[in-house]
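Chemist: Here is what each chain is made of, one letter per residue.
There are 2 protein chains.
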Amino acid sequence: MIHSLSLSDVLADHARSRPQVTAVVDGAVRLTYPELDARVTRLAAALRARGVAKGDRVLWLGQNAHAVLELLLACSRLGAVFCPANWRQSADELRFVVDDLSPAAVAYEPSDVTQALRQEGWVQAGEEYESLVATGQEQEFPQVDDAEPVLALYTAAFDGRPNAALLSSAALVAHATSLLVVRQMEPVFTFLNNGPLFHVGTMMFCLATLQIGGTNVFTPAFDPEEVCRLIDAERVTQAFLFGGMIDAVAKANESGKYDLSSLRFVAHSAAWDGMITVDDSPWCRSKMGGYGQTEVGGMLTFLGLAEGGAGFAGRPSPLVQVRILAPDGTEVPAGETGEICARGKTLFSGYFARPDLNAEKSKNGWHHTGDLGRREPDGTITFIGPRLRMIKSGAENVYPAEVERVLKSHPAVADAAVIGVPDETWHQTVKAIVALKPAEKASEADLIDHVRTLLAAYKKPRHITFVDSIPKRGFTPDYDALDEAHGGGNYPGA
Amino acid sequence: MIHSLSLSDVLADHARSRPQVTAVVDGAVRLTYPELDARVTRLAAALRARGVAKGDRVLWLGQNAHAVLELLLACSRLGAVFCPANWRQSADELRFVVDDLSPAAVAYEPSDVTQALRQEGWVQAGEEYESLVATGQEQEFPQVDDAEPVLALYTAAFDGRPNAALLSSAALVAHATSLLVVRQMEPVFTFLNNGPLFHVGTMMFCLATLQIGGTNVFTPAFDPEEVCRLIDAERVTQAFLFGGMIDAVAKANESGKYDLSSLRFVAHSAAWDGMITVDDSPWCRSKMGGYGQTEVGGMLTFLGLAEGGAGFAGRPSPLVQVRILAPDGTEVPAGETGEICARGKTLFSGYFARPDLNAEKSKNGWHHTGDLGRREPDGTITFIGPRLRMIKSGAENVYPAEVERVLKSHPAVADAAVIGVPDETWHQTVKAIVALKPAEKASEADLIDHVRTLLAAYKKPRHITFVDSIPKRGFTPDYDALDEAHGGGNYPGA
Numbered sequence: 001m002i003h004s005l006s007l008s009d010v011l012a013d014h015a016r017s018r019p020q021v022t023a024v025v026d027g028a029v030r031l032t033y034p035e036l037d038a039r040v041t042r043l044a045a046a047l048r049a050r051g052v053a054k055g056d057r058v059l060w061l062g063q064n065a066h067a068v069l070e071l072l073l074a075c076s077r078l079g080a081v082f083c084p085a086n087w088r089q090s091a092d093e094l095r096f097v098v099d100d101l102s103p104a105a106v107a108y109e110p111s112d113v114t115q116a117l118r119q120e121g122w123v124q125a126g127e128e129y130e131s132l133v134a135t136g137q138e139q140e141f142p143q144v145d146d147a148e149p150v151l152a153l154y155t156a157a158f159d160g161r162p163n164a165a166l167l168s169s170a171a172l173v174a175h176a177t178s179l180l181v182v183r184q185m186e187p188v189f190t191f192l193n194n195g196p197l198f199h200v201g202t203m204m205f206c207l208a209t210l211q212i213g214g215t216n217v218f219t220p221a222f223d224p225e226e227v228c229r230l231i232d233a234e235r236v237t238q239a240f241l242f243g244g245m246i247d248a249v250a251k252a253n254e255s256g257k258y259d260l261s262s263l264r265f266v267a268h269s270a271a272w273d274g275m276i277t278v279d280d281s282p283w284c285r286s287k288m289g290g291y292g293q294t295e296v297g298g299m300l301t302f303l304g305l306a307e308g309g310a311g312f313a314g315r316p317s318p319l320v321q322v323r324i325l326a327p328d329g330t331e332v333p334a335g336e337t338g339e340i341c342a343r344g345k346t347l348f349s350g351y352f353a354r355p356d357l358n359a360e361k362s363k364n365g366w367h368h369t370g371d372l373g374r375r376e377p378d379g380t381i382t383f384i385g386p387r388l389r390m391i392k393s394g395a396e397n398v399y400p401a402e403v404e405r406v407l408k409s410h411p412a413v414a415d416a417a418v419i420g421v422p423d424e425t426w427h428q429t430v431k432a433i434v435a436l437k438p439a440e441k442a443s444e445a446d447l448i449d450h451v452r453t454l455l456a457a458y459k460k461p462r463h464i465t466f467v468d469s470i471p472k473r474g475f476t477p478d479y480d481a482l483d484e485a486h487g488g489g490n491y492p493g494a
Numbered sequence: 001m002i003h004s005l006s007l008s009d010v011l012a013d014h015a016r017s018r019p020q021v022t023a024v025v026d027g028a029v030r031l032t033y034p035e036l037d038a039r040v041t042r043l044a045a046a047l048r049a050r051g052v053a054k055g056d057r058v059l060w061l062g063q064n065a066h067a068v069l070e071l072l073l074a075c076s077r078l079g080a081v082f083c084p085a086n087w088r089q090s091a092d093e094l095r096f097v098v099d100d101l102s103p104a105a106v107a108y109e110p111s112d113v114t115q116a117l118r119q120e121g122w123v124q125a126g127e128e129y130e131s132l133v134a135t136g137q138e139q140e141f142p143q144v145d146d147a148e149p150v151l152a153l154y155t156a157a158f159d160g161r162p163n164a165a166l167l168s169s170a171a172l173v174a175h176a177t178s179l180l181v182v183r184q185m186e187p188v189f190t191f192l193n194n195g196p197l198f199h200v201g202t203m204m205f206c207l208a209t210l211q212i213g214g215t216n217v218f219t220p221a222f223d224p225e226e227v228c229r230l231i232d233a234e235r236v237t238q239a240f241l242f243g244g245m246i247d248a249v250a251k252a253n254e255s256g257k258y259d260l261s262s263l264r265f266v267a268h269s270a271a272w273d274g275m276i277t278v279d280d281s282p283w284c285r286s287k288m289g290g291y292g293q294t295e296v297g298g299m300l301t302f303l304g305l306a307e308g309g310a311g312f313a314g315r316p317s318p319l320v321q322v323r324i325l326a327p328d329g330t331e332v333p334a335g336e337t338g339e340i341c342a343r344g345k346t347l348f349s350g351y352f353a354r355p356d357l358n359a360e361k362s363k364n365g366w367h368h369t370g371d372l373g374r375r376e377p378d379g380t381i382t383f384i385g386p387r388l389r390m391i392k393s394g395a396e397n398v399y400p401a402e403v404e405r406v407l408k409s410h411p412a413v414a415d416a417a418v419i420g421v422p423d424e425t426w427h428q429t430v431k432a433i434v435a436l437k438p439a440e441k442a443s444e445a446d447l448i449d450h451v452r453t454l455l456a457a458y459k460k461p462r463h464i465t466f467v468d469s470i471p472k473r474g475f476t477p478d479y480d481a482l483d484e485a486h487g488g489g490n491y492p493g494a
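Chains as they are written, first to last, in the UniProt record's numbering: chain L, 1 to 494; chain W, 1 to 494.
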């Protein structure tokens with residue numbers, strides 16, 4: 001395995017190449033790379049002594065902490081799989097995760113939810129965790145193939161239950177490297193982990209910072225004043241900040257109490273730009289745009305690689321291929337809508353214990369993202385929306401998300417959902433359920449005309465039903481409820 | 001093979017993502033990515049029709065040309081291996097290459113040497129090559145695993161004959177990506193291929209430019225005036241230039257006739273810096289330093305990642321691990337000399353048809369570079385010199401290159417070589433053969449003292465023999481001749 005490079009290997013090299021660099025800061029804890037390497041070895045040894053073997057799962061139920069990175073790296077050293085669960089979930093939701101993963105070891109922070117779930121042998125963060133690390137003996141671990149999964153992150157609930165996407169060291173290292181390219185990260189780089197580490201958006205920058213041999217600063221969760229304090233104290237280069245979070249941080253530093261000039265980050269507002277150093281990397285210039293999902297390791301396409309192209313998702317990462325495919329697996333021409341599919345170095349290894357879903361998502365040798373997109377004439381990609389389900393009208397495929405996006409672009413429309421209604425001639429016809437803005441008016445004919453001017457005629461709704469609000473499941477329409485209320489059915493493949 | 005990304009895949013993605021970008025410029029030839037993709041498909045089809053199959057070798061005997069990149073990409077599409085041979089070699093040397101590789105197809109530029117070697121079926125560059133491309137039919141090729149070798153580059157002659165280092169698509173893509181990081185390359189990047197493409201130093205930037213979707217400009221060989229003309233005409237971002245080549249280009253543009261401001265490159269001299277745009281990437285800041293060899297894909301360590309550390313080879317690429325190992329495979333402590341060994345994503349796949357050498361070079365799961373290095377206390381790496389052979393004195397290992405380097409640091413020494421002389425007590429003792437500078441004087445005792453102050457006592461020569469000049473084989477001392485002339489022998493493992 002001369003070509004293998006696991007996360008554990010990256011750490012082992014930094015311990016030699018960067019003996020004086022601070023790897024981790026978390027409250028009073030400061031660890032150099034050799035110190036982190038030694039702790040990870042002891043933690044891996046302690047987990048092995050407790051019976052954690054290759055392929056076993058190790059679960060973290062808690063907020064951000066350096067223990068998250070240590071457990072991930074110890075799992076890499078062991079060949080085990082680490083899962084930082086979403087600690088904001090209810091006891092029932094977390095119980096599902098525990099049952100689904102059947103972890104060989106669990107570390108937790110005390111809370112009402114973890115107290116309700118707690119089982120014998122679980123290790124409490126803090127003193128118990130430190131005692132565990134202290135019991136581990138220095139030892140050699142055999143090399144682990146970097147194609148083995150090392151990180152599990154729960155993602156969107158297809159079929160009503162969440163699924164743990166498995167990411168290998170090879171995928172995580174490749175994705176981190178793509179961020180090094182687009183973010184132009186250099187070895188002297190300090191990342192503030194203030195976003196949730198159970199989400200790929202924060203985890204990917206934590207790992208890119210590890211990859212380049214920088215410093216990861218951990219804070220339990222987003223607190224604007226604490227973010228200011230840490231940026232100042234640790235000379236932070238980048239934090240997990242966008243939109244309203246940036247406004248909140250700028251407001252917390254209104255008095256100019258903290259020196260945020262070490263932050264080399266995106267331009268946002270006059271107040272913000274005056275506090276930080278506006279960065280010119282492709283990532284920062286593009287205001288962090290692109291398209292991604294956990295299953296591709298984070299980002300699949302980067303707006304920073306679009307050079308002004310039309311598609312707001314930008315262009316693919318240098319380490320992947322992207323195809324826009326029709327349901328039959330053929331490539332759709334530029335300008336037409338299809339499913340965003342991908343291959344390449346950053347892709348996940350399937351979901352844990354979901355063989356049928358894995359076969360479906362990787363059919364024909366391409367990962368099917370479940371999202372719709374379009375290739376613009378300049379080659380850039382536009383993300384349209386989740387595929388979810390497809391309507392078959394005549395020989396044509398109609399994706400509700402595409403029609404909904406156009407309906408919602410009408411000034412009078414507050415929200416919209418599109419369903420397929422059984423039809424003897426056409427198999428299905430398109431029906432839209434629309435909620436208008438309180439003070440606005442638009443007729444059925446107005447809205448159908450609006451769609452017809454922007455999309456192919458077969459995609460326009462035959463009928464529109466007006467409602468006060470669209471029922472939702474998370475961020476997306478509750479299509480089952482809509483079908484039942486408005487006569488939907490006959491979906492292809494259903 | 002959802003994680004595979006071959007060079008052919010990279011091209012296929014750019015054909016979709018960058019339909020309007022110029023991929024290749026070579027004289028009057030200008031190809032966009034879709035045009036290059038279509039030509040590569042036709043070339044691969046034509047080669048397949050001529051019997052080139054998976055694993056077969058395809059040879060180029062000629063100077064730089066866009067055909068070099070096309071043949072490499074066509075071989076990637078086919079699963080074949082492309083070798084651009086060193087066209088400066090003699091007919092005998094190139095005959096060895098032809099015999100060694102037994103290529104299934106050869107393309108050549110006419111010269112005295114290629115006329116002497118030419119066999120039936122060889123394709124002449126220019127019209128014959130274009131006719132070959134024209135015969136190929138558009139078709140689908142099955143996916144090729146990116147772990148398969150795709151490029152063969154001949155390297156140093158261990159054991160008296162050169163060996164073809166095989167590089168896979170995975171290694172080349174990984175190495176290209178490491179350059180994207182350290183050179184901070186962006187999609188709008190134009191590289192002038194004016195160095196030899198049979199050498200990894202030029203090829204690695206050609207492939208990094210491909211990887212990021214930039215433009216490769218080809219010129220047959222280094223001509224300062226033509227380099228100026230092309231930089232101006234094609235708005236070139238980087239060329240293969242260092243040291244005296246930079247001076248020659250600056251001199252060729254003394255009159256300021258050409259606008260070289262598009263070149264974002266290393267600072268060198270006042271005249272040069274005024275013509276170009278001095279670049280601030282780690283690569284350019286460091287004046288391109290580091291340590292590398294073909295077998296690691298190009299660069300193993302980058303001075304641009306050293307952040308001012310002591311070791312002139314810098315720190316490892318983010319995609320490899322480096323260890324300094326003793327002959328018994330154990331790691332030597334920081335500050336001590338050992339062999340530079342490596343693992344990781346950019347490493348080669350062994351030499352073509354050299355099973356014994358491959359086993360030797362990859363023993364214990366580490367690639368053994370054959371070069372000596374030292375880890376400095378700050379973790380950076382110092383390259384010392386080729387290992388070549390080792391002297392065993394008592395229980396201690398003495399590397400001639402290390403002692404020679406110290407001898408040559410003495411102001412009176414012009415050149416030095418160190419051999420091992422059989423010894424009943426110590427197995428071998430160290431003997432130095434030294435050539436002094438014409439006007440300088442130094443005694444045997446002076447030089448032994450000089451070594452003793454800088455190295456461990458067991459490394460100092462017991463005897464010094466003064467000669468007028470050191471016999472050489474290429475750049476290194478001819479140790480066989482020296483042993484014979486000065487009583488060397490008893491080498492461990494010999």
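Just so you know, these hints were derived from the structure itself, not from any lab.
One or more hints might be untrue.
[Stated by the list, open to error] Some but not every residue of chain W turned toward chain L, in silico, with C-beta under 7 angstroms: (1) L5; (2) D13; (3) R18; (4) T22; (5) Q184; (6) E307; (7) P316; (8) L325; (9) A326; (10) T330; (11) L388.
Beta carbons are placed, not taken as given, at the ideal position from N, Cα and C, and that holds for glycine.
Chemist: Starting from the hint list further up, note which numbers the structure goes against and sort them upward.
Modeler: Violated hints (numbers, rising): 4, 8, 9, 10, 11; every other hint is consistent with the structure.
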